[in-house]
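**Student:** Please construct the entire structure, taking both the sequences and the accompanying hints into account.
Protein chains in written order, with the numbering used here: chain R, 1 to 518; chain G, 519 to 1036.
FYI, nobody ran anything at the bench for these hints, they're computed from the structure. Here the structure is a predicted model, which is why all the values come from computation and not from measurement. Just so you know, not all the hints are guaranteed correct.
[Stated by the list, open to error] Covered by chain R, according to a simulated footprint, are these stretches of chain G (three or more residues, beta-carbon under 8 Å): (1) 663 to 674; (2) 819 to 830; (3) 838 to 851; (4) 873 to 879; (5) 897 to 907; (6) 1022 to 1031.
[Claimed, not checked] No more than 20 Å apart at the CA atoms, straight line, and that leaves these computed lysine to aspartate or glutamate pairs for EDC-like: (7) G:K836 / R:E449; (8) R:K318 / G:E967; (9) G:K836 / R:E464; (10) G:K862 / G:E564; (11) G:K580 / R:D421; (12) R:K62 / G:E967; (13) G:K580 / R:E431; (14) G:K734 / G:E1030; (15) R:K318 / G:E964; (16) R:K342 / R:E46; (17) R:K318 / G:E987; (18) G:K580 / R:D420; (19) R:K318 / G:E982; (20) G:K860 / G:E627; (21) G:K580 / R:E424; (22) R:K62 / G:E942; (23) G:K862 / G:E627; (24) G:K836 / R:E446; (25) R:K62 / G:E949.
All C-beta atoms, glycine included, are put in the ideal place defined by N, C-alpha and C.
Protein chains: 2
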Amino acid sequence: MVDIDALSKQVSAKARRGGGREARRHSRARAVPSFPTLERRIPVYEIVPDEAIELIHDASCKILEEIGIDFRDDEAAGLWKAAGADVDGYRVRIDRALLMELVARVPAEFTLNARNPERTVRVGGNNAIFVPMYGAPYVRDLDNRRRYGSLQDLNNFHKLAYMTPALHSSSSIICEPMEISVPKRHLHIIHSALTFSDKPFMGIVTSRERAEDVIKMAGLVFGEDFVKDNPVLVAITNCNSPLVWDATMLDAMKVYARHNQPVILAPFALCGASTAASSVGAVAQVNAEALAGVAFTQLIRPGSPQLYGQFMVTVDMKSGAPMGGTPEAAQMMYLMGALARKYKLPWRTSGFHVGSKLNDAQAGYEANMLMHAAILSGANYIWHVAGWLEAGLVAGYSKFVTDAEQLVGWYKYAQGVSFDDFTEAMAAIREVGPQGHFLGTQHTLEHFESAFFMPTLMDFNSFEQWSAEGARDHDTRGREKARAMLAAYEAPPMDEGIAESLADFIARRERELPDSVS
Amino acid sequence: MVDIDALSKQVSAKARRGGGREARRHSRARAVPSFPTLERRIPVYEIVPDEAIELIHDASCKILEEIGIDFRDDEAAGLWKAAGADVDGYRVRIDRALLMELVARVPAEFTLNARNPERTVRVGGNNAIFVPMYGAPYVRDLDNRRRYGSLQDLNNFHKLAYMTPALHSSSSIICEPMEISVPKRHLHIIHSALTFSDKPFMGIVTSRERAEDVIKMAGLVFGEDFVKDNPVLVAITNCNSPLVWDATMLDAMKVYARHNQPVILAPFALCGASTAASSVGAVAQVNAEALAGVAFTQLIRPGSPQLYGQFMVTVDMKSGAPMGGTPEAAQMMYLMGALARKYKLPWRTSGFHVGSKLNDAQAGYEANMLMHAAILSGANYIWHVAGWLEAGLVAGYSKFVTDAEQLVGWYKYAQGVSFDDFTEAMAAIREVGPQGHFLGTQHTLEHFESAFFMPTLMDFNSFEQWSAEGARDHDTRGREKARAMLAAYEAPPMDEGIAESLADFIARRERELPDSVS
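**Tutor:** Here it is, written out as C-alpha cells:
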C-alpha cells in the first residue's frame, strides 16, 4: 500500500515553507511526490441486478439498429458503410453484432505515459486516475473574484496540478487563456500543461489542425515515433446528444485514434433536455451514443485504446442549468459503470463537479455525493476532480486545493479496509482493557499516522484556537493554501533542447496561423 | 413510490408565503406533509467479503469471553451472573453462545409510534428513518453567531423538524436549553419535542429519575398503558469505550427497556483514542461493546426492541477532536452494517455529522461523504442528519435546513432506479431522434418533476441572476430559509386535556425537583 500520509506531508511541508531563495535551495533536492495509479481494492457497487443492465443494453442496441445515429462526416459515413452498417446519408444504423465486434477490439487497460516516467499511469480494469477539470472560461481567483481566465491562471493551475500528489494528470484547458486569440490558444495551453507539470495531459479537439498541432508538440517532447503508438494524452470528444457525432468532433477523433491516443467517448448529457426525463432512458441513449463513438474509433485504428463513459447531470427546471450532486447523477453513474464492465471497456466519469458558484456548503454537498459514486462505480478516469465550479464555467483556486486534499481521502478509501495489523490491534485492546485509553500504546504510536486520513485544510481545532487564527471559513483557507503552494512552486526539469524546440514550434505556428477565426 | 416532489413543494410554498395572519389562515387547512418510512429499494454495499465479517465477529466474541466488559451496577452484574456469565465484581465475561442467544431475542423490526399516527414509522429490515441531531450545548443562530442554546432555540428546532418532510423524528435535545437548571431541563426538552412537533421523539438518559419522568410524560400523551408495551421514543445510551457500561447509562437503559422502549446501544468511539488506531480493531471493539449492551437489555425485558450500531469517528492528531467525512468513518460504517445484518438487528448510524464550525465547504464535503455511506450501508436509524456542526457541540439553523433539503435527495436515492416508464422514455427517444431536444415531448412534460430531484435551496440560477439576487452563499440562503420557515410555522393540534396534563405534570415536578444538582 502506498504510504499516502508520508507523501502528503512532504507536499504540505513544502507549501508551508513558502518562497524565498533559501527555502527553494533546501527543497530542490527532493522531487514533488505523486501517488502512483490508484489500484482499487474495494468492490464495485451494483445498484441494479444484471438483468436490468441487459435491458438497458438491449434498448441501446435497438436505438442504434432502428433509429440510428448521425455521423456527419463523409469519411466516417464511408467507413461505416464499408464495415457493413446500414448508411443513409449521415444516418448510420449499426446492428449489435457489428457494434459488439468493434467494441471488443478496444483494450481493457492501457498505459498512459507521462514525460516524467515516474508519473506514467495505468487506466482500465482496477486502475483509476484522478484528473483535474477542463474547459472553464472563467476563474474564481485568489481574491475570490470571478473573472475571465488568463494564461497566468492556466499556468498556475498546471503548477497546482503538478504539486498535488493525488492528481495523476495536468488536464489541459483547466481554464481558457482568454487573452490569446482562439486560433493560437491551443499552442499555449499545451505548452503550459507540458512545461509547468510533468504528468500526463489532455488534447485539444476544436479542429483537425489543432489536434495535429497537439500531436506534433507531444512528438517534440516524447519523440515523434513514440507518439505514433504510445498513449501520452487523452482527448475528449462529445456527442451532440441526442444521437449526433458532428464533423469537428470526428475530425479530432480521427487524428488522435490514428496515433493510438485514447479518446473519451462520453456524451455530455443534460438529462431532461438532451435526453428523456428518465434516468434509465437517459442511460440507454448515452450508452448508444458512447458505444457508437467507441466502435467508430476501431474503424480508424483497430485495437486503439479508448475510453467509454458519461457526463450525465440533470437540469434545473428554472434555469436550464446543469445541477451537481443529485441522486439521479449518482445512480446513472452506477448504471454506466455496470455497462462498462459488461463491455470490458475502460471508462470515464466525473467527481466533484458542482453547480455551486462558490466553494461553499453547496459545493461540498454536491461534490462528495458524486465522488462517492465515482469511486464505488469503479470508474477508471475520474475527471473534473479539481477546481470545478458553476457547472464547469469557472475554475476556482480554492475549490482546486479543497478537492486536491479530498482526493487523498478518496485514494485511501478505494484502497480498502486494511486487516494487516488486526492481530496487533487486538493485542492493544487486551493491553488497554476496560476504561483505559489507547493514545500511549505502542500500536497507536506505530499506526496512528497511517491508519487514519488526516486532512489539514479542513479545520478540526477547538473553536477557541480556530477563532484565534481568524475564524476563517473553508473557502478562505483554501485560497490561502493555493497562494502558499504557488509561492513554493518549482518547475519540474525539462531538457533544454526540448524546451527550445517547443518554443520554436509555437513561434512558427503563431506566424502561420491567423489572429482570429475567419 | 412516494411523490416526494409534490410533498416537498407544499412545504416550500408554505415557507415562501411567510408569516401574516392571512397567510396563516390560508394554510391552516392543509397539514404539514411528511414522508412515510423510507423503504429501501437499493442493495447494500458490502465492502469486505463475509469471511472478513466473520473474522471481526470472532474477535469481538473473544474480547467479551477473554477480556470481558464492565457493567458497573450491582443489579446488572447480578442479572449477568444469573444468566450464566462469568462475573467477577463488575467485570462480566460472556461466552458467545449466551451472547448470541440473547441477541437473537431482539426483533428485527419494530414500529415507532408518533402522537400523530400519520407520522408513525417502521425501523429495521429495509426500513429506515432520518432523525435530527442531539445534544448540542451551542447553537449557530440565524445571525450566524455561536452562542449557548436556549429553550427558544430548542422550540425553533422542533418546529423546523416538524416542518421538514424528510425528517421522521423530532429528536429531543437538538440543543440544550442552557438557561434551565439541569435537574428540570429534561421536562422542558420533552415538552418541546412533544408539543412543537407530532413526530416520534427521543428520551433522556442522564438519570433513572429523569428517564422515568420521560416515560410518564409519554404516558400523558399516548396513554399510560400504551407506553408500557409500545415504542413511542428511542433513547441513546453510550458505552464508555473501551469496554465500560456505567451505572447512569444502565439505570436509564433499564427504565426504557422495561417499558419496551428501544434503546440505542451504539458506542461513541473516538478511533485512535478510545479504540486502537485500526479500523477493523475499532470495529471489533465497538461491536463487542454494542452486542454486550444489546444482550443486557434482553435480560431486562426479553424481546424488547433495541438498536445496535455505532458512532465511530477518527480523531484529529493535533486537537484530539472528532473528525467527520473521513474514509475510515465511511468504511467502518459499512463493516458495522454487515455485522448488523449478520445479527439481524435494527441498527443506527449517523449521517451529516461534521467537524466543521461553519456551514461551509468543509461541512458539505464531510456531510455527504458520510451520508452516502449511511445510505449504502443499509442503516435503519440514520441520526444526526439535521443541524450538526463542530463535532456535535453546535446545532446550526442554516445547517439544519441545508441537511433537510439534502435528505429529500437521499430519500429518493434510496428508493432506487425507476424502470416504470422505460418504455415511454424509449418512445420519446424514437420521437425526438437525432439532434432534437426533449423539453417539449409529452413524456418530459409528464415525468420531469418526478424524474429528477430539484433542490431549491441550492442555487443553479445563472451567475447574473444569482448576482442580482445578492450573490448569497449557501449558508446565508440557509439562514434566510430557516427564518422564513419559522415565520410560517403553525403548531400541530394537540388535545387540550393532554396539553393541560403535561403542563400540570411539569409544574408539579418543578416544585419537587431541586434547582441545582447537589
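**Student:** Decide, hint by hint, whether the structure agrees.
**Tutor:** Do the hints match the structure? See the list:
1. Under the rule that three or more residues need a Cβ within less than 8 Å of chain R, the assignment of the segment 663 to 674 of chain G is violated, with 1 such residues.
2. Here's how the segment 819 to 830 of chain G fares: 0 of its residues keep a CB closer than 8 Å to some CB of chain R, so the rule of at least three is not met and the hint is violated.
3. With a threshold of 8 Å between beta carbons, the proposed coverage of the segment 838 to 851 of chain G by chain R holds, since 9 of its residues qualify and at least three are required.
4. Counting residues of the segment 873 to 879 of chain G whose C-beta lies closer than 8 Å to any C-beta of chain R gives 7; at least three are required, and the coverage claim holds.
5. With 0 residues having a beta carbon nearer than 8 Å to a beta carbon of chain R, the segment 897 to 907 of chain G misses the requirement of three or more and the stated coverage is violated.
6. Using a Cβ-Cβ cut-off of 8 Å, 0 residues of the segment 1022 to 1031 of chain G lie near chain R, which falls short of the minimum of three, so the contact claim is violated.
7. For the suggested pair G:K836 and R:E449, the alpha carbons sit about 12 Å apart, so the restraint of at most 20 Å is met.
8. Restraint check: the Cα-Cα separation between R:K318 and G:E967 comes to about 12 Å, which is no more than 20 Å; the hinted pair holds.
9. With a CA separation close to 14 Å, the supplied pair G:K836 and R:E464 stays within the 20 Å bound.
10. Using a Cα cut-off of 20 Å, the hinted pair G:K862 and G:E564 holds, with the two alpha carbons roughly 16 Å apart.
11. Distance hint between G:K580 and R:D421 is fulfilled; the C-alpha atoms sit about 17 Å from each other, no more than 20 Å.
12. Only pairs whose Cα atoms come within 20 Å are accepted, and R:K62 paired with G:E967 is rejected, the gap being roughly 27 Å.
13. Only pairs whose Cα atoms come within 20 Å are accepted, and G:K580 paired with R:E431 is accepted, the gap being roughly 14 Å.
14. Distance hint between G:K734 and G:E1030 is fulfilled; the C-alpha atoms sit about 15 Å from each other, no more than 20 Å.
15. Proposed proximity of R:K318 and G:E964 is supported: the alpha carbons are some 17 Å apart, at most 20 Å.
16. A distance of roughly 12 Å separates the Cα atoms of R:K342 and R:E46; the hinted pair therefore holds under the 20 Å criterion.
17. Among the hinted pairs, R:K318 with G:E987 is consistent with the structure: their alpha-carbon atoms are about 15 Å apart, no more than 20 Å.
18. Only pairs whose Cα atoms come within 20 Å are accepted, and G:K580 paired with R:D420 is accepted, the gap being roughly 19 Å.
19. Of the supplied pair hints, the one linking R:K318 and G:E982 holds, its CA atoms being roughly 14 Å apart against a limit of 20 Å.
20. For the proposed pair G:K860 and G:E627, the alpha carbon gap of about 14 Å is at most 20 Å, so the pair holds.
21. A hinted pair counts as satisfied when its Cα atoms are at most 20 Å apart, and G:K580 with R:E424 qualifies at roughly 14 Å.
22. Taking the CA atoms of R:K62 and G:E942, the gap is about 14 Å. The hint holds against a cut of 20 Å.
23. Proximity of G:K862 to G:E627 is assessed by CA-CA distance (about 9 Å); at most 20 Å being required, the pair is judged to hold.
24. For the proposed pair G:K836 and R:E446, the alpha carbon gap of about 17 Å is at most 20 Å, so the pair holds.
25. For the proposed pair R:K62 and G:E949, the alpha carbon gap of about 14 Å is at most 20 Å, so the pair holds.
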